[in-house]
Amino acid sequence: MDRLMKVNKSAELAIIDFFRLLLENDRVSGIFTLRKINKDDSVDYCLVTDENRLDEAIPFYPFMPANAGQILSRFSPMNKPVAVVIKPCELRAFIELVKREQGTLDNFLLISYSCAGVFPIIKTGDEPFEKFLPSYWETVKRGGISQGIRQTCKVCEHFLPMNADITISLIGENKLDSECKMFLNTDKAKEFAKDFEGEMLEEDLESPVINSLLTKRKGEKEDLFTELSSKYSGLDGMINIFGRCIGCHGCSRVCPICYCTLCDFESHNYDYSASILEREISQKGALRLPPDTIFFHLGRLIHMSFSCIGCGLCTEVCPANIPVSTLFIKIGEETAKMFDYIPGRNVKEAIPVTVFKEEEFAELGE
Amino acid sequence: MEREFLPKIVSFLCKWCSYTGADLAGINRLQYPTSILPIKVMCSSRVDPVFVIKAYLRGADGVLIGGCHPGDCHYQDGNYHTRRRVAILKRVFELLGLEEGRIRLSWISASEGPKFARVCNEFTEVIKSLGENTTKTTIFL
Amino acid sequence: MNIVPNRGAKISVKNGFRGTILEFLRNSLEKGCFDGILIPMRVPADDSYAWVLVRDKPFLDNANPIAPIVSVQGAKALTSLTRKGGGNFNVAAIMKPCDIRASIELSKLKQVNLEKITLISYDCPGTLEMSNYIENPEESEKIFGSLLDGDVWDDKFTKPICQICDNFSFPACDLHFALLGTENGSIYLIPGTEKGENILDDLGIEYSEDLSNWEKKVIELIKKKEKQKAEKFELVKPTVEGFDNLLKTFANCIGCHNCQSACPICYCRQCYFDSEVSKPNSDFILLRTSKRGGISFPLDRIMFHTGRMSHMSLSCVSCGVCTDACPVSIPVADIFSYVADKTQRTFEYKAGNSTEEPLPMREYRFDELLEIKELVKDADGQD
Ligand code: SF4
Ligand code: SF4
Ligand code: SF4
Ligand code: SF4
Ligand code: FES
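Protein chains in written order, with our numbering: chain A, 1 to 366; chain B, 1 to 141; chain C, 1 to 383.
Honestly, the hints are just simulated from the structure, not real lab data. Computed from a predicted structure; not experimentally measured. Keep in mind that a hint or two might mislead.
Claimed, not checked - Calculated lysine to aspartate or glutamate pairs in the EDC-like style (CA-CA distance at most 16 Å, straight line):
1) A/141 x A/179
2) B/136 x A/349
3) B/54 x A/179
4) A/231 x B/72
5) C/291 x A/179
Stated by the list, open to error - Computed list of chain C residues with no C-beta within reach of chain B, every gap over 10 Å:
6) 27
7) 35
8) 43
9) 50
10) 52
11) 59
12) 88
13) 114
14) 136
15) 155
16) 238
17) 303
18) 307
19) 329
20) 372
Said to hold, decoys possible - Some chain A residues judged to face chain B by a derived CB distance under 7 Å, without partners named:
21) 78
22) 81
23) 361
Every residue, glycine too, gets a C-beta built ideally from N, C-alpha and C.
Work out the full structure: start from the sequences and follow the hints.
Below you can see the structure in the form of structure tokens.
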């Protein structure tokens with residue numbers, strides 16, 4: 001049984017009230033959440049220090065313009081904590097980044113929620129997805145897979161947060177519009193919530209609705225992966241998928257795990273003198289330029305796939321419409337499995353390539 | 001007449017063990033195929049898997065990584081890290097339907113000249129049965 | 001158009017414009033004029049094009065000199081080949097005028113070495129949006145095919161940036177295929193440099209002195225494009241003037257910097273706006289936040305775009321790949337083209353026009369820009 005606080009207000013209003021209290025009582029230096037300034041403005045992540053601006057906050061808005069984990073990694077509040085609302089995959093990304101010493105967990109009050117998925121990023125001229133929202137929230141209450149959300153979210157299994165101080169339960173909550181269940185997972189959470197008014201209860205976050213959603217999503221994933229593997233087998237398969245890649249490296253720039261300021265594949269290690277390329281061209285009769293399209297993607301798979309938390313941003317950003325994340329999630333799951341690793345599960349769990357066991361992989365090396 | 005296929009096997013050999021093992025094989029006049037193109041590295045853990053991918057994509061028929069036996073690495077645990085990386089690399093190749101058999105990791109100590117010769121012979125045969133690496137003629141890489 | 005050429009070689013059209021150009025390339029490869037040809041080729045999945053440097057003639061069978069999309073800017077392909085200096089191959093690069101202009105800018109910026117490169121261009125009918133092509137390649141090929149074969153090049157299906165491009169003909173190249181307005185089943189191949197003339201001599205192609213038909217058509221089309229450009233700029237202007245408008249225009253920007261990394265001119269290995277220097281520390285972020293009560297992430301998006309404008313708009317060739325690369329479909333190229341038009345006019349510079357004209361930022365005159373205020377007014381063309 002988990003400890004929770006029930007507040008008789010919609011989840012969104014309750015959490016905004018909570019934030020207001022935190023700011024009023026000077027418990028935090030700021031609130032990090034999604035916001036929308038005017039009705040027709042876009043949605044952004046935002047750090048709010050003025051409680052009057054909390055009206056603009058839309059903490060559970062199903063949208064992910066960037067990976068919040070990546071943003072937090074570049075931000076370490078020194079004196080007073082910052083309270084953040086963050087999606088489960090973003091939180092896992094943040095944990096992976098903390099392991100890589102790209103951020104610190106201190107001084108954040110991490111608030112996450114059971115996430116039903118988000119809509120694709122908004123393209124200029126596209127119809128806003130606002131009109132889907134009522135049906136989205138109805139689906140959340142039922143624990144279904146909403147129409148119009150990203151493919152990546154439809155197949156995500158880790159929609160319950162790991163490592164959150166506070167978890168807001170949204171999926172399967174019939175009374176989402178009138179009550180809010182805040183699970184207080186850590187002492188930090190209890191400490192911060194002590195002045196907040198609500199009824200203390202004990203309940204499980206995991207419910208039959210959640211389990212059935214998990215089954216549904218697993219099924220979707222199976223189908224998606226099968227469809228993909230029929231396409232990518234072998235070198236020709238890789239070329240089929242990545243042939244249209246324009247080499248913008250947007251996928252690695254938005255990837256929270258790819259934190260290097262200068263990616264190896266953009267470094268001068270792989271600038272070739274003309275004579276090297278000419279030799280290859282002479283051997284083959286022709287060569288694609290710029291070279292190294294497949295090299296980049298294979299290299300990235302090797303460097304980071306076991307830490308891929310499946311946020312799907314790489315697919316979203318790809319101008320060539322390549323399903324980058326589908327491949328990375330699939331390969332990542334397998335490489336992580338080799339080490340019983342789940343990225344973002346536990347900050348103490350070492351990144352697979354930084355440790356070893358003496359007795360493992362004995363078949364290699366013969 | 002078809003020319004016999006002589007594979008090119010890019011071989012990253014750690015200076016302290018495998019490279020010395022290769023030397024020993026030479027001194028003892030043990031036969032091993034000319035397919036082996038040795039590259040001396042300070043430790044097998046110097047081999048970023050990306051080097052292996054690069055060699056593979058540039059048309060190497062096989063890539064051999066040679067290091068000290070587990071426990072004997074001159075930098076203590078370099079080769080354990082190598083082993084993990086190679087395991088990941090081979091798994092990814094396998095998952096993508098690329099030929100993971102073209103990648104091989106071998107522990108060969110400085111005194112194992114005969115083992116070096118055996119590994120080279122074996123691996124060359126394996127590569128011969130796999131045939132030429134198609135990356136050699138692929139232009140859209 | 002740079003200068004009005006006075007003669008061109010007459011080539012009869014066989015298998016359409018593309019077939020004719022290919023045939024010329026085959027011949028020149030065979031005769032040893034070149035060691036390789038840089039040319040677009042459809043990728044194996046048939047859903048896009050890539051630049052391929054072809055050395056063996058048979059590969060040309062799969063090439064398409066006039067590709068319907070620009071997936072990667074041609075100058076980028078040349079950069080990857082010659083960034084570290086020229087090689088031994090004599091390479092003919094068959095590219096669109098904007099690819100050529102970018103290559104020339106990059107040669108001035110020391111990122112492309114043109115010594116062994118022969119730049120060959122053609123009258124460009126415009127290109128289609130990459131994402132549309134990827135979604136429906138066959139349909140797009142059809143649309144582009146009928147556009148290219150049409151009597152008037154109807155640009156309504158081409159990218160917005162192509163609709164306002166008045167640089168579609170005869171850039172500062174070595175050879176140029178004049179496709180417009182040519183009669184009796186033949187096109188002209190016009191030399192732009194001595195290099196180009198020598199190649200024509202080597203191939204023993206005869207000259208014709210009368211290019212008037214082509215000139216007439218080109219000038220007609222330039223007029224049309226200039227008009228469309230002026231209209232477009234009127235539309236762009238209010239979307240970028242003033243900070244609030246700029247904010248609104250880039251409101252959906254997710255800060256991915258695809259526009260920069262696809263841009264041929266933005267050659268820096270590490271963009272300043274991706275570097276550590278441009279990442280503010282936490283205290284500073286909090287300080288900035290406390291002044292306004294709230295701050296949006298990713299930080300400094302407007303700074304990125306305006307910074308990029310100031311860094312490179314003098315060399316922007318209005319190729320449009322930034323728009324194609326933007327995952328949220330911001331019309332980046334329209335905006336940059338608009339700004340570039342102004343900044344380049346300030347220095348009477350036209351990006352990619354010639355290898356001779358020095359980059360404006362590489363020099364100064366004592367007696368210039370004395371009246372900055374006046375100048376801004378003039379560049380605007382109004383008060
Ligand atoms: S975002 Fe897409 S086009 Fe750009 S490098 Fe990644 S896969 Fe290639
Ligand atoms: S590889 Fe793609 S899905 Fe995985 S963490 Fe990076 S951006 Fe997210
Ligand atoms: S800013 Fe855009 S239009 Fe201008 S050169 Fe760069 S990619 Fe081309
Ligand atoms: S490509 Fe588009 S979203 Fe990305 S930085 Fe440029 S304008 Fe912003
Ligand atoms: S020194 Fe030989 S493997 Fe490390």
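Practice problem: Please write out, lowest number first, the hints stated earlier that are contradicted by the structure. | Solution: 2, 3, 4, 5, 8, 9, 10, 11, 21, 22
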